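*Asks:* Residues per chain are reported as follows:
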Amino acid sequence: GENVEQHPSTLSVQEGDSAVIKCTYSDSASNYFPWYKQELGKRPQLIIDIRSNVGEKKDQRIAVTLNKTAKHFSLHITETQPEDSAVYFCAATQGAQKLVFGQGTRLTINP
Amino acid sequence: GAVVSQHPSWVICKSGTSVKIECRSLDFQATTMFWYRQFPKQSLMLMATSNEGSKATYEQGVEKDKFLINHASLTLSTLTVTSAHPEDSSFYICSARLEGASGELFFGEGSRLTVL
Chain A
12 GENVEQHPST LSVQEGDSAV IKCTYSDSAS NYFPWYKQEL GKRPQLIIDI RSNVGEKKDQ
72 RIAVTLNKTA KHFSLHITET QPEDSAVYFC AATQGAQKLV FGQGTRLTIN P
Chain B
98 GAVVSQHPSW VICKSGTSVK IECRSLDFQA TTMFWYRQFP KQSLMLMATS NEGSKATYEQ
158 GVEKDKFLIN HASLTLSTLT VTSAHPEDSS FYICSARLEG ASGELFFGEG SRLTVL
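Going down the list, the sequences are from chains A and B.
Take 12 as the starting number for the first sequence in the working numbering and just add one per residue.
Take 98 as the starting number for the second sequence in the working numbering and just add one per residue.
Don't read these hints as lab results, they were simulated from the structure.
All values derive from a computational prediction rather than experimental measurement.
Built from N, CA and C at the ideal position, the CB exists for glycine as well.
It is possible that some hints are incorrect.
What the hints assert, rightly or not - Examples of chain B residues toward chain A, derived with CB under 8 Å:
id : residue
1  : F131
2  : L143
3  : T146
4  : E149
5  : E201
6  : L202
7  : F204
8  : G205
9  : G207
10 : L210
What the hints assert, rightly or not - Straight-line distance between alpha carbons at most 30 Å, and here's what the computed BS3-like set of lysine-lysine pairs gives:
id : chain 1 : residue 1 : chain 2 : residue 2
11 : B       : K138      : A       : K82
12 : A       : K53       : A       : K109
13 : B       : K152      : A       : K82
Said to hold, decoys possible - Residues of chain A clear of chain B, computed beta-carbon distances all greater than 10 Å:
id : residue
14 : N14
15 : G27
16 : S37
17 : T80
18 : K82
19 : G113
20 : P122
Build out the structure end to end from the sequences listed, making use of the hints.
*Replies:* Structure representation (structure tokens):
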């Protein structure tokens, strides 16, 4: 089955700097890669996703890149703000199959 | 986006009792729902896939007799934690995907279970 590895587990950056979180996946058949943001005690919220037919996707300060050959994808947050502090999870799935999550990254934005 | 509602949001129970958690898709039908468990500072771990009108599919290591799942309609799945013990204390989250769609999961609010 699918296995998703996420790094780093914790990340601290200065406000205004960029943050990058990386994930690798094992199943070459996976074709959908979402990123979720989860605040303490809340449900995960989808912030951006990418499908395997696209190499990069951007939405304002957030971007995701996908390298299918290497089986890894990354989340990029630019101009970070204090409200970006949260736990971020990557995930991977094939079609309508179950979603497998990475271990999570606790992002802290220092004012 | 689609709305998934979960109830209760938190519950405290005594060891040995059973607790039922409901997951509803409010504005769409969901043939399949997924139940996740999340321990503090850990990731979401899939427990089982709930299938409307048939038996749930459990992940390896999840006891099907302890975590009973019923998906009696296209908008409701329930998870019953039977004979709960303190180690079952966790955050349980359900999710569903729009019928025929591949990709985005919509999550319920989550249910925090504390077993005394």
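*Asks:* Confirm or reject: N14 of chain A is not an interface residue toward chain B, with every Cβ-Cβ distance exceeding 10 Å.
*Replies:* holds (12 Å)
*Asks:* The hint names L210 of chain B as touching chain A; please verify it with the least Cβ-Cβ distance against 8 Å.
*Replies:* For L210 of chain B, the interface hint is violated, since the closest Cβ of chain A sits about 13 Å away, which is over 8 Å.
*Asks:* The output says G113 of chain A does not contact chain B. Does that hold with a beta carbon cutoff of 10 Å?
*Replies:* Since the minimum Cβ distance to chain B is about 7 Å, G113 of chain A lies within 10 Å and the statement is violated.
*Asks:* Decide if the proposed pair is consistent with the structure: K138 of chain B and K82 of chain A, CA atoms, cutoff 30 Å inclusive.
*Replies:* holds (26 Å)
*Asks:* Do the numbers back the hint for G205 of chain B, that is, is its least Cβ distance to chain A under 8 Å?
*Replies:* This interface hint holds because 6 Å falls under the 8 Å limit.
*Asks:* Minimum C-beta separation from P122 of chain A to chain B exceeding 10 Å: can you confirm that?
*Replies:* holds (23 Å)
*Asks:* Does the claim that T80 of chain A lies outside the interface with chain B hold up, using a Cβ gap greater than 10 Å?
*Replies:* holds (22 Å)
*Asks:* Going by Cβ atoms, does S37 of chain A stay more than 10 Å from chain B at every point?
*Replies:* For S37 of chain A, whose nearest Cβ neighbour in chain B is about 16 Å away, the distance exceeds 10 Å, so it holds.
*Asks:* Is the interface hint satisfied for G207 of chain B? The criterion is a beta-carbon contact with chain A at less than 8 Å.
*Replies:* Given a least distance of 5 Å, the restraint on G207 of chain B holds.
*Asks:* Confirm or reject: K82 of chain A is not an interface residue toward chain B, with every Cβ-Cβ distance exceeding 10 Å.
*Replies:* holds (18 Å)
*Asks:* Close enough to count: is the Cβ of T146 of chain B nearer than 8 Å to one in chain A?
*Replies:* holds (6 Å)
*Asks:* F204 of chain B was flagged as interface toward chain A. Is the shortest Cβ-Cβ separation under 8 Å?
*Replies:* holds (4 Å)
Consistency with the previously given hints fails for numbers 4, 10, 13, 19, ordered from lowest to highest.
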